[in-house]
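K.L.:
Let the sequences and hints guide you as you build the complete structure.
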Amino acid sequence: MYRYDDFDDRFVRARVAEFRGQVERRLSGELTEAEFKPLRLMNGLYLQLHAYMLRVAIPYGTLSAVQMRILAEIAERWDRGYGHFTTRQNIQFNWPKLEDVPDILERLADVEMHAIQTSGNCIRNVTADAFAGVAADEIEDPRPTAELMRQWSTRHPEFSFLPRKFKIAITGSPNDRAATKVHDIGLRMVRNDTGEPGYEVAVGGGQGRTPMIASVVRDFVPKDELLAYLEAIMRVYNLHGRRDNKFKARIKILVHELGLKAFSEQVEAAYEELRGRVRVDPELVRTIEAAFAPPAYDHLPEASPTFGRAYEAIPEFARWADTNLLQHKASGYVAVTVSLKPIGGIPGDATSEQMRALADAADRFGFGELRVTHEQNIVLPDVRTDQLLALWRHLVAHGLDTANRGLVTDIIACPGMDYCSLATARSIPVAQAISERFGDPDRQQAIGPLAIKISGCINACGHHHVGHIGVLGLEKNGEEYYQLTLGGAPEGEAALGKRAGPGLAAAEVPVAIERLVDHYLAARADGETFLQTYRRLGHETFKEVLHAVGD
Amino acid sequence: MPLVTEHGYTPDDWQTVDDEAPLPTAGKVVVPPARLDEALAVERLRVGVDVAGGVPLGNLLRRLTRIDLVRLRFDSFSDGRGFSLARQLREAGFEGQLRAAGHIIADQWPLLRDCGIDEVELDDALASRQPAASWREAAGAIVGSYQRRVTLPAVRPEPFAQP
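Chain order of the listed sequences is X and P. All residue numbers for the first sequence refer to the working numbering, where the first residue is 1 and numbers rise by one. All residue numbers for the second sequence refer to the working numbering, where the first residue is 1001 and numbers rise by one.
Read the hints as simulated data drawn from the structure, not as lab findings. Computed from a predicted structure; not experimentally measured. Where is the CB? At the ideal position from N, CA and C, for every residue including glycine. Among the hints, erroneous ones may be present.
To be verified - Covered, in the sense of this in silico footprint (three residues per stretch, anywhere, with C-beta under 8 Å from a C-beta of chain X), are these stretches of chain P:
#1 1067-1081
#2 1104-1111
#3 1147-1153
P.N.:
Structure follows, in structure tokens:
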């Protein structure tokens, strides 16, 4: 993975010192709260319901075992012994004190980490396919481009006071595991007619209160012109994005109001201006690419007898292996998803002890590297098939062996009313109740792939719009209630869910989901997933089964 | 009004002339765009032009040669359009003085400089709240720029102003 050089190190440490000064100037009254707010947000610091929340950047979801151990230490020293991995591949600490934050940032800087641009109206931490560099279906590793974008977007002088936040996601694979179509900019690696790799650029996707699927604004941008093209988009957005209404300020509204054609003409004009000026330094690109060279894999046969014997002998291990593994580029290796969704647990939470166990696993069963997925799980990207049993035993010892990747209990949920000042309803208890209800592993496996995503308000941090079943928590006359959506999908043929049925009380949500699942199981054709059955039968038949709930 | 340059608070020798007032016959004046032709016609006058908050530059980009100063208004420090306008001016070859005016906080100073802005004009209240030391510290807070690092030095004009 990418390691900081002197420049990065000096930069990040200078940012910590700068933030220390800003905190002091706020306390002295030189800065008003309104002026301080964007400065603290650009350093990842939110003011939540009960306390400050610090969101630490995990660039494109990649981190080392060493970094994971420091996250564990921070959770212990300055928080309550746990952290929350987010849908943007970051980690949040929910209970830091304002005066401790500069020290926390200093400790992060010790291991090449920071909280820069994890919030605020700027270009946010870039997200990527969590299986980048190892997935068998990849055209090219997108991480060098993601790292280049991290550097380019960090404290960009022109784009630090945008109309609203700005999220970029990138995938190097035709199977989009980065949900690129629901980002402000989604980049998908493609080859042009001459076989040269470049990017298809989609703009204007997003969730929140006005969910939209991104439109392709350019089929192909050569790799070495990507930054110029991105600057062109950013400039058009910075100059013309709406600033009169916070809820209409995202780029998706600009694209929608101008129309894709007019928007794209403006971008092309800006691109013409910028392409000769913003030229990426090929030397730096080579350095970054070298940092992502594949590790020294052993030459292994595809099949492992050790694995085969354990698979036959231990049903729990076999179940886990069936759900939590992904095919690897290198023979004899797999990418392992470690689920942070234990039955009845809080999605995405990990204790300090678990973080250390994950770091140890990365060292013992990999090359000391981990990934955070946008489904709020952890990936060990390079595990030898013949070591899977040993890894699994290690995970069992730390409560990290839940076999549910992509299944009904692999639920995405935002922190909701338990933490968040924006929330209108709780998300976590609803996720826990659904998880309990479907906890039986045989039943989960029988149901097959099913993505449930829960948001505690219309800002949609829990990605409910792209849940196969989405759950949106709302509030009316002081009562929480929940609205279901059906048929959303973040990847592949990305789709937004459609509203279904009446508002439900929290206790009714698991019942309603059970009815949907039963309807699917009764109606599915051979090998069909929930989403496929839904698409074949249509929205109405599923919607109907919800009507009786709550009567 | 108080003016901040790389040397700290500095006297402002430019005079603003509004829509109505008569133009002087010599000296340095900043005029609204509507009076630009009139001002440029005065031989011994050095002319600056006022650009209201976030207004697209349009034709101004094609007639920069005789303009010595452009003043970009910032109605709110959180409205970042002026940063793009500044870079557009520099990319169009503008080599005169580039001034930001309005609600600006010291923390923005290095970003403004990187976008090609030379100086910041503040009202008295904002200036008294932000002493010279704050501007000096902000300028020196971060050494280096990722944007200069990732891009090649361009054919002139530079995409990101040098410190």
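K.L.:
Against this structure, judge whether each hint is valid.
P.N.:
Here is how each hint holds up against the structure:
1. 1067-1081: Contact hint for the region 1067-1081 of chain P vs chain X: holds, 5 residues under 8 Å.
2. 1104-1111: The restraint on the region 1104-1111 of chain P holds, since 5 of its residues have a Cβ under 8 Å from chain X and three suffice.
3. 1147-1153: With 5 residues closer than 8 Å to chain X, the region 1147-1153 of chain P meets the three-residue bar; holds.
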